[in-house]
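Enquirer: Line by line, the protein sequences are chains A and B.
Residue 243 in the working numbering is what sits at position 250 of the first sequence, and the numbering runs on without skipping anything.
Counting the second sequence from 1 gives a position; the working numbering is that position plus 3.
Careful, some of the hints might be misleading.
[Said to hold, decoys possible] List time: in silico DSSO-like cross-link candidates among lysine-lysine, alpha-carbon distance up to 30 Å:
hint : chain 1 : residue 1 : chain 2 : residue 2
1    : A       : K370      : B       : K84
2    : A       : K337      : B       : K132
3    : A       : K105      : B       : K10
4    : B       : K10       : A       : K136
Hints listed in this document are in silico derivations from the structure and should not be mistaken for laboratory results.
Predicted model, so just to flag it, every value in this text is computed and none were measured.
Here's the letter readout for the chains.
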Amino acid sequence: MIIFFLASLLLSLISGILLTFIFLPSPKNDPQGRPLRIFVGGGLGIGLSACIYFVCLPAGLLGYIPLIDLAACLVLGLACYFLMKRRRREAERPAESQLHDRKVALFGAGAKLENGIATLFAVELLASLGSFLFAFLKEPHGKWDAWLIWNMHARFLYRSGEAWREVFAGGMDWSHWDYPLLLPLSIVRGWKYIGNDSIYIPAAFALLFTLLTLGLLLCALMFLRSRIQGYLAAMILLGTPLFILMGASQFADVPLAFFMLATLVLLFLPARSPENGSGAAVLAGIASGLCAWTKNEGLLFLLIVTGSLFCTTLYADGWRSARKRTVRFLAGALPILLIVIYFKTQLSPVNDLMAGFGPAAAAAKLMDFSRYAQIAKAFFITGISFTQGLIDIRVGMQLNPGAVSILLLIVYLLLAGVRIDDRDRTGLVRTAAVLLSILAGYFFVYVMTPLDLGYHLATSLNRLFLQLWPSVIFLFFMTAGAPEGAASTGSKTRKEDDFVKKSPKRSYRRKPVSRTT
Amino acid sequence: MVQLIAKYRVTAGRLLLIVLTGYAVLNLLWQQIRLYPGIPETDPVTIHEARIAQLRPLLPPSGAVGYITTVENDRIFAAEKTFTNVEFLAQYVLTQYTLAPRIVRNSPDLPLVVGNFIDGPPAPGFLEKNGLAMLRDLGDGLILYRRDRKP
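Next comes chain B alone, as it looks inside the complex:
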């Protein structure tokens, strides 16, 4: 009798496990299928990479370049840490990801500076304050600057 009850308990355990894992697996698949038509044809990283890749022929094959964006440089990481905006950090990291092995410094204090203004232009006077002169406008908010003088 005890063995019979144990056998039913084990069968119940297996059934529970099979049903719940089956549900979890199929539910995940269904979620992925349902989301699929809404996914853009090209993923954001690939789009960003194609955009930034235009800079490659204009930059030296190695060494460091500067980086500026819509917000001040020190706000790029601060905004991510407080989860208020992860976009600026993502744009910076993807610029580095695309331009490797060149090092993209989060600073305007380098002879060549990448301007990534996908979310709008920098604050008025920012470029002048840092002595940045446009070298090439590649469109879509991507501009390469040359640092003419120390501010």
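Next up, chain A with everything else stripped away, as it sits in the complex:
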């Protein structure tokens, strides 16, 4: 049984990783770049497998799913092989040069400090895996929303067989059948491979997305900043009890957090290696499309990222570049968006927040300033306290910053200072704009909600903040001072410069780093 599940998982992961080789031609042998590929590609592969499964549903091809997955993997593998062969012919530099340079850099002056922090990170990772395991043993079916929504949908889709369409019109509005299907279909796919609806499959996906999010944050910062920054950021995420507990709860919030982070990380890559520019934009588009296929909030995210990408690129690089990059981004998102549109228009019932939504009711709510005050208060208290774990909704969120919260990030930033690589400026502005716009969007969703405001805030706001939390940590650590750049990774910087000299065709040219505190 487990072998079949591992096979399904491997096909997804390999397909996603191959996709990154197709769209991100370099750096091929970078030791920091490889794990980034694995984590980005792995998550995208799982999401795209759920898309393939959905396309096969109406086509009646479910019996051939393993064959279709295998064929997709082989096609991507062949495409990757021929593309890499062509690129190798075109490239004049020996591929090993960068690997060598990076390896030397790893054993520079800061290696001891890095190893120490890596050891602490490993201890925290093991302890968090222990917490995850205990949470799973306590509630193997997950928490409330897992069996009310996500696993429930998976069960219906798996057990209904050919009659799968009927469940959407079944009148079970309380189970939110308008929610997108990435997570339920990933689970159904796993069940299809093993031949039964085991409770271990949803739990396996919960663990997988928790680790993918953690790994992506770690490797992205290792790649874009330094190893120490990567470890410290990952430790903040591990030190967030809500992240571990929500991961084990089998909700879709952690998968959404992963795809949001993947989108924002991928949009940083073009500035670092222009040869990856177009591919990174396409992959970012795919990741943001998968956000929309994971939760309804993902649609808002997709809209905001598209607008921010266009505006920031227009400001930084002009109209031509903005148009090109936005088109590539949308090209990546479009196939998944079509699936979402088909789902929303042909299958899903009306969303409970949109039902009975009229202009008169909307205007009345917009003019009710007591709602703004209530939401602002909830945003403030939850913003400081949400990291501290699950709340008793009868009591509501209490002010409790705990050990790890946004306050710790602010204090760390004050102590470490700000150090921004000039190449990252546009990306940082874009990421900050996206996160702030989403917060503003969430704020107005609450202003307009037809549900009882207190109930809606108490049951959802901490999860909405958790979805953004890995991206917020990423943003802070992309901004925070990384003195190992001058000390421990001084050698790394020098080696990178050496590499630029050795490989004139590549664009890893370092621009001056500005520092303000």
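Please arrange chain B on chain A, whose structure you already have, making use of the hints.
Expert: Then chain B, alone, in the frame of chain A:
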């Protein structure tokens, strides 16, 4: 001098971060370990699922069945919305979770009706008012009804 102070500030920042994240991670693990012996051998969802699963062979493989419980049907969701009682909704949702792909309607107006009385019997006269006759008592407050007539 400025560089030296900056270096100490960064070291202090890192130490603070390592200590606090370490505390948070170990504290969570400790809480989970401490709670573990108090956790029942089988979790409530699995227990509820095993109980409801007895109905499966008695029901058609698809289609809809009704549902009744200790309180009136319209109070199941209302009680959850006001956080006064989430148990009735949880029991209803878990009944649906177990019996999928059959649809469990929150209503007594169907030919077959699942009675889930884990928290006690319904109000006197409720069954008669809805024309429900017992088809099978599976014990532990789980009863399958047949709707004989329209009330």
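Enquirer: Determine for every hint whether it applies to the structure shown.
Expert: Status of the hints after comparison with the structure:
| no. | hint | result |
| --- | --- | --- |
| 1 | K370(A) x K84(B) | 21 Å, holds |
| 2 | K337(A) x K132(B) | 40 Å, violated |
| 3 | K105(A) x K10(B) | 17 Å, holds |
| 4 | K10(B) x K136(A) | 45 Å, violated |
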